[in-house]
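**Student:** Heads up: the sequence lines are chains A and B, in that order.
So the first sequence is numbered by numbering that gives the first Met the number 0: it starts at 0 and just counts up by one.
So the second sequence is numbered by numbering that gives the first Met the number 0: it starts at 0 and just counts up by one.
Since the hints were derived computationally from the structure, they do not count as laboratory data.
Please note that the accuracy of each hint is not assured.
In silico PhoX-like links for lysine-lysine, alpha-carbon gap of 20 Å or less [stated by the list, open to error]:
#1 K706/B - K647/B
#2 K412/B - K108/A
#3 K651/B - K706/B
#4 K193/A - K229/A
#5 K108/A - K725/B
#6 K730/B - K412/B
#7 K595/B - K380/B
#8 K108/A - K730/B
#9 K1/A - K229/A
With beta-carbon atoms standing in for the labels, derived distance ranges [said to hold, decoys possible]:
#10 D22/A - W682/B: 38 to 44 Å
#11 Q35/A - N295/B: 40 to 46 Å
#12 K564/B - Q221/A: 27 to 33 Å
#13 D22/A - E719/B: 39 to 45 Å
#14 N185/B - D22/A: 22 to 28 Å
#15 N295/B - R25/A: 57 to 63 Å
#16 T297/B - T214/A: 55 to 61 Å
#17 E228/A - K718/B: 46 to 52 Å
Keep in mind the model is a prediction, meaning the values are calculated, not measured.
Note that CB positions come from ideal geometry on N, CA and C, so glycine has one too.
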Amino acid sequence: MKFGVIVFPGSNCDLDAYHLVKDVLRKPVEYIWHQQNSLKGYDCLILPGGFSYGDYLRCGAIARFSPIMQEVVEFANRGGLVLGICNGFQILTEAGLLPGVLLRNQDLKFYCQFVHLKVENVNTPFTNFIEPQKILKIPIAHGDGNYYIDEKGLNSLLEKKQVIFRYATAEGVVSDEANPNGALFNIAGVISEKGNVLGMMPHPERAGETLLGSTDGLFIFQSLLNYLEKL
Amino acid sequence: MKETKIWQEMGLTDTEYQLILDGLGREPNYVELGMFSVMWSEHCSYKHSRKALKMFPTTGERVLQGPGENAGVVDIGDELAVCFKIESHNHPSAIEPYQGAATGVGGIIRDILAMGARPVALLNSLRFGSLDNPRVRHLFSGVVAGIGGYGNCIGIPTVGGELYFNSCYEDNPLVNAMCVGLVNKNNLMKGWATGVGNLVILVGASTGRDGIHGVTFASEELSEASEKKRPSVQVGDPFMEKLLVEACLELIENNYLVGLQDLGGAGLTCATSETASRAGTGMEIDLDRVPLREKNLTPYEIMLSESQERMLLIVEPSKESKVMEVCHRWGLKATTIGRVTDDQILKVYQDRKIVAEVPARMLAEEAPIYSPLALEPAYIKEISDFNLDKLPEIVDANRVLLALLSSPTIASKEWVYGQYDYMVRTSTVIHPGSDAAVIRIRDTHKGLALTTDCNSLYTYLDPYVGGMIAVAEAARNIVCSGARPLAVTDCLNFGNPEKPEIFWQFQKAIEGMSEACRVLQAPVVGGNVSFYNERNGSPIYPTPTVGMVGLLENVDKRCTQAFKKQGDIIVLLGNSYNELGGSQYLLQVHHLVKGKPPALSLEQEKALQENLYQAISQGVINSAHDLSEGGLAVALAECCISGGLGAKVVLKKEDLRVDALLFGESQSRVIVSIKSAGIPALWQLAQKNGLEVNAIGYVGGESLTIKVDDREWINLTIKEIEQSWKNTIAKLMS
Numbered sequence: 000m001k002f003g004v005i006v007f008p009g010s011n012c013d014l015d016a017y018h019l020v021k022d023v024l025r026k027p028v029e030y031i032w033h034q035q036n037s038l039k040g041y042d043c044l045i046l047p048g049g050f051s052y053g054d055y056l057r058c059g060a061i062a063r064f065s066p067i068m069q070e071v072v073e074f075a076n077r078g079g080l081v082l083g084i085c086n087g088f089q090i091l092t093e094a095g096l097l098p099g100v101l102l103r104n105q106d107l108k109f110y111c112q113f114v115h116l117k118v119e120n121v122n123t124p125f126t127n128f129i130e131p132q133k134i135l136k137i138p139i140a141h142g143d144g145n146y147y148i149d150e151k152g153l154n155s156l157l158e159k160k161q162v163i164f165r166y167a168t169a170e171g172v173v174s175d176e177a178n179p180n181g182a183l184f185n186i187a188g189v190i191s192e193k194g195n196v197l198g199m200m201p202h203p204e205r206a207g208e209t210l211l212g213s214t215d216g217l218f219i220f221q222s223l224l225n226y227l228e229k230l
Numbered sequence: 000m001k002e003t004k005i006w007q008e009m010g011l012t013d014t015e016y017q018l019i020l021d022g023l024g025r026e027p028n029y030v031e032l033g034m035f036s037v038m039w040s041e042h043c044s045y046k047h048s049r050k051a052l053k054m055f056p057t058t059g060e061r062v063l064q065g066p067g068e069n070a071g072v073v074d075i076g077d078e079l080a081v082c083f084k085i086e087s088h089n090h091p092s093a094i095e096p097y098q099g100a101a102t103g104v105g106g107i108i109r110d111i112l113a114m115g116a117r118p119v120a121l122l123n124s125l126r127f128g129s130l131d132n133p134r135v136r137h138l139f140s141g142v143v144a145g146i147g148g149y150g151n152c153i154g155i156p157t158v159g160g161e162l163y164f165n166s167c168y169e170d171n172p173l174v175n176a177m178c179v180g181l182v183n184k185n186n187l188m189k190g191w192a193t194g195v196g197n198l199v200i201l202v203g204a205s206t207g208r209d210g211i212h213g214v215t216f217a218s219e220e221l222s223e224a225s226e227k228k229r230p231s232v233q234v235g236d237p238f239m240e241k242l243l244v245e246a247c248l249e250l251i252e253n254n255y256l257v258g259l260q261d262l263g264g265a266g267l268t269c270a271t272s273e274t275a276s277r278a279g280t281g282m283e284i285d286l287d288r289v290p291l292r293e294k295n296l297t298p299y300e301i302m303l304s305e306s307q308e309r310m311l312l313i314v315e316p317s318k319e320s321k322v323m324e325v326c327h328r329w330g331l332k333a334t335t336i337g338r339v340t341d342d343q344i345l346k347v348y349q350d351r352k353i354v355a356e357v358p359a360r361m362l363a364e365e366a367p368i369y370s371p372l373a374l375e376p377a378y379i380k381e382i383s384d385f386n387l388d389k390l391p392e393i394v395d396a397n398r399v400l401l402a403l404l405s406s407p408t409i410a411s412k413e414w415v416y417g418q419y420d421y422m423v424r425t426s427t428v429i430h431p432g433s434d435a436a437v438i439r440i441r442d443t444h445k446g447l448a449l450t451t452d453c454n455s456l457y458t459y460l461d462p463y464v465g466g467m468i469a470v471a472e473a474a475r476n477i478v479c480s481g482a483r484p485l486a487v488t489d490c491l492n493f494g495n496p497e498k499p500e501i502f503w504q505f506q507k508a509i510e511g512m513s514e515a516c517r518v519l520q521a522p523v524v525g526g527n528v529s530f531y532n533e534r535n536g537s538p539i540y541p542t543p544t545v546g547m548v549g550l551l552e553n554v555d556k557r558c559t560q561a562f563k564k565q566g567d568i569i570v571l572l573g574n575s576y577n578e579l580g581g582s583q584y585l586l587q588v589h590h591l592v593k594g595k596p597p598a599l600s601l602e603q604e605k606a607l608q609e610n611l612y613q614a615i616s617q618g619v620i621n622s623a624h625d626l627s628e629g630g631l632a633v634a635l636a637e638c639c640i641s642g643g644l645g646a647k648v649v650l651k652k653e654d655l656r657v658d659a660l661l662f663g664e665s666q667s668r669v670i671v672s673i674k675s676a677g678i679p680a681l682w683q684l685a686q687k688n689g690l691e692v693n694a695i696g697y698v699g700g701e702s703l704t705i706k707v708d709d710r711e712w713i714n715l716t717i718k719e720i721e722q723s724w725k726n727t728i729a730k731l732m733s
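The shape of chain A in the complex, shown without the other chains (with noise of 0.2 Å):
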């Protein structure tokens, strides 16, 4: 089992998705450089945080066109699985790996805080782990993650279960006051129709290690080693 981290010029949450899985789940983990152009062997990858080509233009709409990216939307449709975390979200919906697009927060801020997720899914190679009535706190920082999708892509969503995540507060209820950003419906995270590439704006990554004040990421981390173990 092996896992890659994806690392375009400007990625900065590559090292803390490395030695999340290096460190702490303790499995094999490689980086792969922008201009690689091939993903043998691996059997997840991760799109990490950061501001990969520094964001200008749009968050992750120049990263869409890095060598690297043919190569993982293959590696998608092949139904390997791709995990995009923050700027790897942005990334993912700018390829059309993913559903909907990711804007400006709605006061225009960046925001780094921890926030409350309410599981919407729990049957995903990502989610598995997951209790179904757990809530998970893992931060966020970004300036841009404000989901969003037109009426008709939001009721495909809810209808195929592609929502995953959703801002709540610690009690779990799903409100204004729990969402950080002005996502649409507090869309935290959705899945591809297939279920095997996912986006989220919080840091799992970041929520691994009692001492980082949260380990709930790795209920993320240990549904994939789970789903890949089975396999």
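Got chain A; can you put chain B on it based on the hints?
**Tutor:** Same frame as chain A, now just chain B:
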């Protein structure tokens, strides 16, 4: 040239011009004059401050690099060293807050990089006028966005800082940025152009017209005309700098570099002359090879440009192609622009003609050194004449506590640090909002405690005592987090040093800081002086900001200010006195800037810190919080808020005033919470260290109540307290 006195327009005096004539033995040409004017500016040459700075203790067992290089370096064991520095970007931020602050962050990161270190944390120290003023709100929001914009993008967590509001900063805000890096001792770099024949490579951004005479602008007072200096403010590109950091660290790791220097103030002129001067060599550079943003830049503009995100590499010819390969892989432009020579002269060519030819040392080291006149300002006597007995006694302590908690200087700074990514690199183990931030050091058990501190109200009232307190408080914050102080970097923000009253403040503050650094064993390993912080002749309060780094041998022993457990005993370490001078209580409630700052005994401070450090390492302490602005009542409220727990406290009045007891800011005090079983150990330690300790209450309930003898003065729910404290800044900014 003599007739027009062009040197004066460039900020040089007639005497300084004469020194240049004497040194060169001829008249300088326009390019050379420009180069002298920036290198001999206050910002680059420290010509007014150099002598006074000699007072600082700068050595210690762990010090690997003291002042003089790009940043200080301190040994932390395990083959590792910590490298850190603080620097001001006040003037640019006053004109263009977003870019001014952003490039301040970018500049300090490059200083750390130049030492070969991986930048791992950022801090800052900010001062603004009143948020009631829309112009101040514009500056404040721009500065915060700029700091976040740069740090967040480059992926270095902004883990701590401090923020004060006072009308003396209305037109001249202070923006001081600090960066901390980690380096394997074997990889330490220096900004030295050694090895005749070695190549000089410029890497990073192209050179444009931005920031020309930025350092000259930083070395004069602000005025109405300053708005026209907007082109002197540089523009930052954090993405470029991220690539630059990664590429340079890879070059160092592979041992491809002989020397490394950042381009900051005074741009290429400074980087070339300083590296050559330090190494005792010379240098030839060809301006035709410098990548430019636009055509037709003059040699003067190229040599003085302060375009950001550039580094200068000194490389052996045999490694040139390898260096180029690494830079290109990171998508960076790298160009060989010259070579190291043996004649100690900096020669600048364009179109194969020499356009400047100046001894490197003369530019970098031979600016005149001044001994300005120092005179005690008249205000010192006026304001110190203050009789506490005439101050009316407190009536409603609840109202006073809420007022203090909701004053922007004391209120929660979450509105600010919530805009900074303080978690990236997943090593921040004490977040902003406690006494000091703590980051872990991967692959070791160690941690670094980081803080910035300065109460400029104290330094205004008495710069000597205020200077001591700035150092003592920083050290106290470090110790409260469970660490031992290692060393200091300072950012000395003052008015115009050519005014004797300002220079007196400067000297006194340094004397006080030096004394405290000596006793608390925290040498100064680097820093920055920012003079001319005045607008239309009106100076800021003297603000010698202290950035301090401490070491935790075991990061699991870290400690925060939050009350942890119902039933824990609350203990006050240290003595309280009838001291209200310079307090926030006097300022916010009685609108007085009067009296003397609280007295500080460095011996007591040392005893307190030693005691607290030992108690925390023994695992006796559950929380620790330094008493500072707002005194005991505010500190207790902060412990309650961060822990989500109430407290019941009973104090003895003895011969103290109630307001002094509740809100006085006597020094060398900390409140800790501790389980009752730990009391004997703490008392024993205190006795050994000669420290006053008093159990004053216990943690519990949903309110904070404080009795003085039999009378209850404070009774507020934690919810009420938190509401006052939490949203002040957000409300003022919305």
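**Student:** A separate judgement is required for each hint: does it hold in the structure or not?
**Tutor:** Consistency of the hints with the structure:
As the CA atoms of K706/B and K647/B are separated by approximately 8 Å, the hinted pair is consistent with the 20 Å bound. As the CA atoms of K412/B and K108/A are separated by approximately 15 Å, the hinted pair is consistent with the 20 Å bound. Restraint check for K651/B and K706/B: satisfied, since their Cα atoms lie roughly 8 Å apart, inside the 20 Å limit. At most 20 Å may separate the alpha-carbon atoms for a hinted pair to count; K193/A and K229/A meet this at roughly 18 Å.
Of the supplied pair hints, the one linking K108/A and K725/B holds, its CA atoms being roughly 18 Å apart against a limit of 20 Å. Only pairs whose Cα atoms come within 20 Å are accepted, and K730/B paired with K412/B is accepted, the gap being roughly 12 Å. A C-alpha spacing of about 10 Å is found between K595/B and K380/B, which places the hinted pair at or below 20 Å, so the restraint holds. For the suggested pair K108/A and K730/B, the alpha carbons sit about 15 Å apart, so the restraint of at most 20 Å is met.
Distance check on the hinted pair: K1/A and K229/A sit about 15 Å apart at the alpha-carbon level, within 20 Å; holds. Look at D22/A against W682/B: about 41 Å separates their beta carbons, and that is inside 38 to 44 Å. Look at Q35/A against N295/B: about 41 Å separates their beta carbons, and that is inside 40 to 46 Å. At about 30 Å, the beta-carbon gap between K564/B and Q221/A stays in the expected band of 27 to 33 Å.
Range check, D22/A to E719/B: Cβ separation about 43 Å, and the 39 to 45 Å hint holds. Checked against the hint of 22 to 28 Å, the C-beta distance between N185/B and D22/A comes to roughly 24 Å, which is consistent with it. Distance hint check for N295/B and R25/A: the Cβ-Cβ separation is about 59 Å, which falls inside the suggested range of 57 to 63 Å. Range check, T297/B to T214/A: Cβ separation about 59 Å, and the 55 to 61 Å hint holds.
A hinted range of 46 to 52 Å for the beta carbons of E228/A and K718/B is consistent with their spacing of about 47 Å.
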